[in-house]
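Q: Sequence:
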Amino acid sequence: MKDSGSMGRKNFGPREMHKATCSDCGKECEVPFVPAEGRPVYCKDCLPKHRKPRQ
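With UniProt numbering applied, the sequence shown corresponds to residues 1 to 55, in that order.
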C-alpha cells in the first residue's frame, strides 16, 4: 500500500528546479517541472487559487 503521508520525495533527493513566470502575478518563480508552452504556471502564492478543492 502506498503511503501518501508527509514522506513525499524524501528518498529521491533534491528536484531540479526550472525558472518560470507566474501566469497570474507575473512574478519570477521556480517550479519542479519543465514549463510547457501554452500552459499556465503559477507561483506558490497564486497556485492555491487555481487548485480544485479536495473532496
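Incorrect hints may have been included.
Claimed, not checked - Each computed DSS-like pair below joins lysine-lysine, with the alpha-carbon atoms no more than 27 Å apart: (1) 27 - 49; (2) 27 - 52; (3) 52 - 19.
Keep in mind the hints are simulated off the structure, nothing from the lab. Everything numeric in this text was worked out from a predicted model, so none of it was measured.
Q: Run every hint past the structure and note whether it holds.
A: Evaluation of the provided hints:
1. In summary, the hint linking residue 27 to residue 49 is supported, as the alpha carbons are separated by about 15 Å, within the 27 Å threshold.
2. Distance restraint check for residue 27 and residue 52: the Cα-Cα separation of roughly 22 Å lies within the 27 Å cut-off, and the hinted pair is therefore satisfied.
3. For the suggested pair residue 52 and residue 19, the alpha carbons sit about 24 Å apart, so the restraint of at most 27 Å is met.
Taken one by one, the earlier hints all hold for this structure without exception.
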